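Place chain L with the ligands on chain U using the hints.
Line by line, the protein sequences give chains U and L.
Residues in the first sequence are numbered consecutively from 1, following my numbering.
Residues in the second sequence are numbered consecutively from 1001, following my numbering.
Treat the hints with caution; some may be incorrect.
[Claimed, not checked] Within a straight-line C-alpha distance of at most 27 Å, the following computed BS3-like cross-link-like pairs (lysine-lysine) qualify:
| # | chain 1 | residue 1 | chain 2 | residue 2 |
| --- | --- | --- | --- | --- |
| 1 | L | Lys-1164 | L | Lys-1249 |
| 2 | U | Lys-252 | U | Lys-211 |
| 3 | U | Lys-400 | L | Lys-1080 |
| 4 | U | Lys-211 | U | Lys-249 |
| 5 | U | Lys-359 | U | Lys-405 |
| 6 | U | Lys-211 | U | Lys-462 |
| 7 | U | Lys-400 | L | Lys-1076 |
| 8 | U | Lys-405 | L | Lys-1076 |
| 9 | L | Lys-1080 | L | Lys-1020 |
| 10 | U | Lys-393 | L | Lys-1076 |
| 11 | U | Lys-359 | U | Lys-400 |
| 12 | L | Lys-1064 | L | Lys-1020 |
| 13 | L | Lys-1164 | U | Lys-393 |
| 14 | U | Lys-393 | L | Lys-1064 |
| 15 | L | Lys-1249 | U | Lys-400 |
| 16 | L | Lys-1064 | L | Lys-1076 |
These are calculated hints, taken from the structure and not from any lab test.
Here the structure is a predicted model, which is why all the values come from computation and not from measurement.
The lines below spell out each chain.
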Amino acid sequence: MDLKTTEDVATEEERKAADSVIGSAPPSWSDGLRPGVGGRVILGGQRRRANLRHLLLPTLHAIQDQIGWISHGALNYVCTRLDIAPAEAFGVASSYSLFSLRPTAQTVVHVCDDIACRAAGSDSVETMRGHFGEPDTTDGQLTWRTSPCLGQCEHGSAAMVTIAGSPGVREVLAPFNIHELDTVVSNTTAKRPPTPATLLNQVRSELHLLKRIGLVDPESLDSYRSEGGYQALRRAIDFGPEWVIRELKDAKLLGRGGAAFPTGAKWEAVAHSSVRPRYFVANADESEPGTFKDRVLIENDPFALVEALTIAGVTTGAEQGYIYIRGEYPLGERRLRSAITQAQSRGLLGDDIMGSGLKFQIEVRRGAGAYIAGEETALFNSIEGHRPEPRTKPPYPVDKGLFAKPTGINNVETLLSALEIISSGATEFIRYGTESSTGTRMFCLSGCVNLPGIYEVPLGTKLRELIQIAGGVTEGHQLTAILLGGAAGSFVGPDQLDLELSFEAVRMAGTTLGSGVVIVIDETVDMVAFVRRIAQFFRDESCGQCVPCRVGTVRQEEVLARLSLNAPLGSRQDELSLLDDLGSVMRDASICGLGQAANTAVLSAIEQQLIFSSKGNS
Amino acid sequence: MTSTVPISLQRRFDLTIDGKDVTVTEGQTILEACRQVQVDIPTLCYLETLTPVNVCRLCVVEVKGSRTLVSACSRKVEPKMEILTDSSRVNTSRRMVLELLASSVDLSLADDEVGHWMQQYDVHPERHGPQSDPAEEGERDRGHAGEHKAIDGSTAETVAQPIKRDNGQYLRDYSRCILCYKCVEACGVDAQNTFAIAVAGRGFEARISTEYNVALPESACVYCGNCVAVCPTGALMPTIEFDLRESGKWDPKSQTVTQTVCPYCGVGCNLELHVQDNQIFKVTSPLDHSTTSGNLCIKGRFGFEFVH
Ligand SMILES: Cc1cc2nc3c(=O)[nH]c(=O)nc-3n(C[C@H](O)[C@H](O)[C@H](O)COP(=O)(O)O)c2cc1C
Ligand code: SF4
Ligand code: SF4
Ligand code: SF4
Ligand code: FES
Ligand code: FES
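Chain U extracted, bound-state conformation (with noise of 0.2 Å):
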């Protein structure tokens, strides 16, 4: 291939920006040219077979971070550097929206408008707009913009801030506080020292994916191994891969990411492949509405993941990991690389683990604002410097997944779920939970709720338990519903409050667990107003790769506000059917489970009468 570019060319400061990520240039490249061609026409060939695409999205956030934008020079040089024609690099950076391709202020605040934080009463946006005007303005120092979920949902209210430079700051406010705010833009230096997690109303003894949170520092890996730290790694390299792999089997382990595959046919999979090299994922894009329970794992027992993710590899003989982990979550980031350094220097990570002679490194891939990026596929694209859209399957990802290896990928939650099994047994493991949903699992409770927080309890336990445990519906309110699973799950009623946590029970409901999400909903809630957020934000996630989803999601939005301004086309049953036929070809047309889900919570909205009906609030 022949790469060409335009002559616009990159500052210098664009220039060490890319250089943070890829190396310098070669001394013979002159302000960022290569030399001998002239500036314009540049000879890849067979150099691209080096392949270093796989750099293009940690370099497009060294300079977005430090410059705040992407300009075409700064773009042309990393096409370069890293032999990619610049139409396909743009178009992997304008498919997040994390990545700006024109100035922007220094300083942009992304601001949660998303469904937990409006069932909680938030009114940050208005906030904003009191005091900053409209959204997305280019000039001055400061913008903002609306953000979806930023996994912050128990605070109530939350928004990402960053500041391009060198470096650059990036810091999470949750609860948002417009005092804060100014404090973080004014004192870019000081860090906000981060809220350690608390566990409400839990006993700690009944932990088993939370029972370090509090008690580690997050920081050390001493502390870490204090509290029984890297026993399973030990466990599992002296007893072996069949031992790993039978005991998640004999746990009935299955994916804690939504679709509940069964972790220990996953990991023999990949173990038994006789393909070489492979890799294991970690999956910590975590960016389903209401979803945050990820991010606090993360946050206060990194070291926990770390050494997951390394039975993970040992165990499947896989000698990369990588750690995808979504870009709105910097503490949790910045925790992960420190464990990752840490285990590193002290032989568990490595060409020589435990002085087993077994090789294992990971790598933190940061997501740069796209849900779509946490479909395992379109994951693997975001880390090979693709566009993020999901593939075909199959071939499944444990036959052609990360550059095409055999690749085994699981839920942080899930591979916090095996170390447990690692580590106390899987006869352990199975005495919690039911028959067919084995262990504990992780309840994200948001919205209107009197305790929001995590919550780990049993599968199986219903879901009146659990809202009691976290303190039942807000003082002096009315419970209306309870979004289960996120905005790709569905509602469920008052009435319902009996229905069993366990996959087999919400299936049988119809509805489903999806990522844990519980958003609890009262009379205050606009229940319209949420469903149509719910709506915009398939739209707006969509990749825009199929029919189904790319137009369907704008048409589905599309009839949701003729409804709600009380304005259908034709009648009401009309609009009602054209919802239907939106919903079959989306579930069943789709490439992916973004497309599939699209209008399953718009859809059980209606049947529960909770918008469109006499009986709704509207």
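Leaving out everything else, chain L with the ligands in the frame of chain U:
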């Protein structure tokens, strides 16, 4: 792309299509199996010479045991598969895919079959409301991922926008673009290896674009026109053809196609010269031509001035 396993080593096995037993060869797609027994499957993003991207979802069929429908163009056959190509789920999805496209994209110059399918599946794009006004020039190209203007549902949003006319060879009318990815594939690994265009943005704001939407002459484009040749909707069109249509002189009945071999170099690409009023308005090459697979270079595609 067809399988590279030598034919002698490929297994043959049985499956059923709409209840009828069919013997197929391992590595075939469901689409190929259906075509072999004359079962029609509508396709939009599929082309024999390109790697299937399976994004339009028009070709979906029902496979027993599968939770969702599957795309016939990319899914490989498996022993004992029970395939339904005409079930009510299949027909609903096909009707809706066409309806979603027709309500958001100008399909008036799409291949003739599209019109037939619209009738066959009883498609009613007007159900979604009157179409929105075209976007201003560059508006769709400035979109920020994950954001869109607030809507009230009074119109059906479309991709309508001004035509991009920035070179002498062909123009780009993305109001007609169904985002089938064919042009991107033809410009990339499947043929041209130039990568002048790619999909940018996401969701409904996704679009075919050069980097930062620069005009084609500033981009890497070499005017091979391979993208124009594969575009199924007339979004990419030779300028001469466009001007003929605009001036009202477009007259398919008076058009002829002449076969010849490209005179420019020794490769020997077969050319089909499309002529009206003694003027060549388009040059194509047969998809099944062993040298070209439908692809040409700027000389063969657009170098026909000398003939006049
Ligand atoms: C649109 C979409 C978004 C997803 N986002 C996530 C995510 O953020 N985290 C996650 O663990 N899984 C996510 N998944 C599920 C993954 O594709 C995959 O099933 C999961 O990582 C497998 O891990 P598990 O077996 O441990 O559940 C998502 C799926 C879809 C369709
Ligand atoms: S369903 Fe939506 S998100 Fe998934 S591939 Fe299709 S367009 Fe992309
Ligand atoms: S004319 Fe050729 S080089 Fe130019 S965009 Fe089309 S396929 Fe690519
Ligand atoms: S321009 Fe034509 S070929 Fe390219 S994506 Fe659009 S419709 Fe398909
Ligand atoms: S942080 Fe606001 S909805 Fe999750
Ligand atoms: S033709 Fe199969 S998905 Fe487009």
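Here's how the hints hold up against the structure:
1. Straight-line distance between C-alpha atoms of Lys-1164 of chain L and Lys-1249 of chain L comes to about 22 Å, which keeps the hinted pair within the 27 Å bound.
2. A hinted pair counts as satisfied when its Cα atoms are at most 27 Å apart, and Lys-252 of chain U with Lys-211 of chain U qualifies at roughly 21 Å.
3. With a C-alpha separation of about 24 Å, the suggested pairing of Lys-400 of chain U with Lys-1080 of chain L holds against the 27 Å cut-off.
4. Between Lys-211 of chain U and Lys-249 of chain U, the direct Cα distance comes to roughly 23 Å. Compliance with the 27 Å bound is thereby established for this hinted pair.
5. The suggested pairing of Lys-359 of chain U with Lys-405 of chain U holds, with an alpha-carbon distance near 17 Å, which does not exceed 27 Å.
6. Note on Lys-211 of chain U and Lys-462 of chain U: the hinted pairing holds, with a Cα-Cα distance of about 22 Å set against a maximum of 27 Å.
7. For the hint pairing Lys-400 of chain U with Lys-1076 of chain L, the CA-to-CA distance comes to about 16 Å; that is within 27 Å, so the pair holds.
8. The straight-line distance between the Cα atoms of Lys-405 of chain U and Lys-1076 of chain L is roughly 20 Å, inside the 27 Å bound, and the hint therefore holds.
9. Proposed proximity of Lys-1080 of chain L and Lys-1020 of chain L is supported: the alpha carbons are some 12 Å apart, at most 27 Å.
10. Distance check on the hinted pair: Lys-393 of chain U and Lys-1076 of chain L sit about 11 Å apart at the alpha-carbon level, within 27 Å; holds.
11. At most 27 Å may separate the alpha-carbon atoms for a hinted pair to count; Lys-359 of chain U and Lys-400 of chain U meet this at roughly 21 Å.
12. Distance restraint check for Lys-1064 of chain L and Lys-1020 of chain L: the Cα-Cα separation of roughly 14 Å lies within the 27 Å cut-off, and the hinted pair is therefore satisfied.
13. Taking the CA atoms of Lys-1164 of chain L and Lys-393 of chain U, the gap is about 36 Å. The hint is violated against a cut of 27 Å.
14. Restraint check: the Cα-Cα separation between Lys-393 of chain U and Lys-1064 of chain L comes to about 16 Å, which is no more than 27 Å; the hinted pair holds.
15. Distance hint between Lys-1249 of chain L and Lys-400 of chain U is unfulfilled; the C-alpha atoms sit about 53 Å from each other, more than 27 Å.
16. Proposed proximity of Lys-1064 of chain L and Lys-1076 of chain L is supported: the alpha carbons are some 14 Å apart, at most 27 Å.
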